[in-house]
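Take the sequences, apply the hints, and build the full model.
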Amino acid sequence: MAFELGLSITAVAGWFALFAGYLLATRPRQVPPAAATQDFGGDEPPAVVSLLAHGWEVTGAAARSTVLDLAARRLFELRQPGNDPRQTTIHLRRDAGLTPSGLTRYERRVFDRVSALASGGVLPLTAITFRDEGQAKTWTRKLRAEVIADARQRGLSRRRFDRDVLTVLTVAAALVALAVAVAAAHYSHRAHGVSHQVSSPSGSHSHSGPGWLSAAVVTFALLAAVTHSQRGERDTPAGRAVAARWLGLREFLHGDEAFRELPPAAVAVWDRYLAYGCALGETHGCDEAIDLGLGDRTRVWSSFGGGWHRVRVHYPRFWGRYGKKPLPVAAWAMVCLLAGLAVLRYSGAAQTRLGGTGDGLVTEIGLLVGLHLVVRGAYRLVRVSADVTAPVTLTGEVLWDQSWRSANEHTVLYYLAVDDGHRDRSGRPSTTAWGVPRELRRSYQVGDVVRLRAHRWTRRVLEITVVEPGRARHLLDLERAESTEGLIAEVMGLPPPDRRLAGGPARLPAAGGLLTVDEVSRAVGQQVTARPGAGMARPAPLSLQLYEVNGRLAVHVAVTTGLTARLALRARHAGTPLTGIGDEAYLGDHWAIARSGETAVTVQIDPGMGPPPPGGLPWLLWTAVARLPAEQPRPSRPSPSGR
Amino acid sequence: MSTSFSLLLVVGVVVILVIIAAVWAGLGYNRLVRLSAQVHASWAQIDVQLRRRQSLIPNLVETVKGYAAHERGTLDAVVAARANAINANGTAQRGQAEGDLTRALGRLFAVAEAYPDLKANQNFLALQAELGETENRIAFARQFYNSAVQSLNTAVRSIPTNIIAGMGGFHEEQYFEAAEAERADVRVQF
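These protein sequences, in sequence, are chains R and W.
All residue numbers for the first sequence refer to this note's numbering, where the first residue is 1 and numbers rise by one.
All residue numbers for the second sequence refer to this note's numbering, where the first residue is 1001 and numbers rise by one.
Honestly, the hints are just simulated from the structure, not real lab data.
It is possible that some hints are incorrect.
What the hints assert, rightly or not - Per the computed footprint, the stretches of chain W lying under chain R, defined by three or more beta-carbons under 8 Å from a beta-carbon of chain R, are:
1. 1029-1039
2. 1146-1155
To be verified - A short, non-exhaustive set of chain W residues, derived as facing chain R with CB atoms under 8 Å:
3. 1045
4. 1067
5. 1141
What the hints assert, rightly or not - Beta-carbon label-pair distances, calculated as ranges:
6. R/91 / W/1160: 37 to 45 Å
7. W/1026 / R/13: 24 to 32 Å
8. W/1037 / R/226: 57 to 65 Å
9. W/1026 / R/241: 34 to 42 Å
10. R/87 / W/1008: 54 to 62 Å
11. R/120 / W/1076: 52 to 60 Å
Ideal Cβ placement from N, Cα and C applies to all residues, glycine included.
Have a look at this one:
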């Protein structure tokens, strides 16, 4: 046992030592700043400068400095009406046009966000925050990839682990896996040998099983995953030279106390200095005022009804009735009422039984409790009756959308904050979030103007219709599982890194050629579209993404090969085996996978769409596998569906 | 026992107060040093840009002379203004002299408008562009300088930093004023 453990641990530790050595060797080195100067260090955009100034890491300064840079370049104007920089408003220039030229991809991303959110050409600076955590993360990831891509194209940055390092680590991982396999096989052989001698003295051979193979595969997969995980960027000689010049400007700005406290609107006077100061981390005033992260869900900006205003949103947490159907609420109210009547009826008897006269303390408490229960039950019955007989209908802008109550790992109720113009007693705009059942949730997006019918007391939404799609709908970013390196490659117009590592383009069919939109719509029981609108991300060639009419990702079809395909299959072995589709196929609740030769096809539908029609996914999978290149074996066609 | 303890307590409190005062004075002094250094650094940036502008003028005058030799009055005014700017001492005097030079250059470029050949001359165009770029840099350098002066002057005048400033020999600095012609150029667009 000691030998096997020693061998495995030594091999794995050796690999990690090698990995740590590479991490140490490839870390971005500290750049000594050039002499302090007020001159710019070059023509790099502020976002790239922020990458260089923050140790080759993309921070929030990239987006903030880009906002200021666009203002400095007069694509929009920042105005501060009062003393508080957070009151700053963004005013789009009417003569700038909807599509200003000469912007980088990340500048365009920031500009599009600002211009899409603006109402009447105006937008509060603090309203550019996101109202959806997933959107915020996706937007930030893409911006990060675009900034890195620009820096790489300028020769200022490079991937921390280049191809040689990745190859060495992968080969080393294979050797470690081999060592682990030898250790596992040795242990298995010894253990079975001993047990065999004990239980079977006749000398027949025991079967050790493929345990050593599993150990090797798992070890290799883990180490390979660590190897290929994103490790950030590192410096280049040109990048260090440019960074040193920009750090010279930072040294100069650092000594200016007043500059650090300048508000965003000061860009009108300080021009691009403020943008570069922000990129270099020398503008605390701007950093506090500009936020492109997730906003505050309790105070949300709304432009419903014309001007911008901030709406205070309440999210009930402890309401027993919140979002519930009338019947359970009425049932509980009835139980409450009957229990109260019972307490009233029997509290006197209980007092008598305890030896009292019937007008003692127990009777009084019973009377109070009984009355409370009766009144509460009756009140709830009246309210729920009023809810059922007179549901409210209102129109407003969706401010926030968030899951609230879950059961069996599925969200069954969502908060929906809608600004319908309601004001609280002090006259400030306010609202209490409505409870949206899961089946209604996918019909709207944040920013849409919706008409909803709901029970006022329980806040349960019965029906919701989009009256006017939100201005920023076309900016919705699809959450993609693609690695940052994959996004960078896409921005730079390069093939995805896994294909490059494989030594050139694989002979795989494009996922889009395997299935049509109609076929997918038929299989999932809903109409889906290939492109929800302009500005959406282009799907990778080996994957096909289809969307619901409202723009949400609905179906993802992926074609993989080699190790990726084997790992994908291995992860889904727990599914129900499907016969007659490829060499092997499995079905889950919202996915199906099939292997044909070395190629695997995966069809995945978004769990939020609900269960697909029976037989829909197997039929879709069969159709896709049947269209694989001719050398793939052809299965016999299964029943198209249970339909 | 009681008297010696009280004495010890008083001495301890005094020592602590002295230490706090010393630390505070040290921090205040260092801040003043930093602000003063920033003023000098910012002035150095202005100085670089002003000298850069002055160095461009002889070439400009020679170029213009080749096309408009009889505009001697305007050319002489530029040369004289340049000489005054080079010899000026102190922020106020230098600001005045640089303002004069800016105005003289403005007149020179106005004169050049009347000479199409001069306006088409590549050397003249390059010098004009470079002077424009330098003026732009001077404007930002002046902003940085005045911002640094404002921070220093505020610190020197504020209580209690003014005590340290008085003891340390720090004094208020003069702002580098924009030339009247430059201030008149401000336009507000609605």
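Problem set entry | Numbers of the earlier hints that this structure fails to satisfy, in rising order | Result: hints 4, 7 and 8 break, sorted rising.
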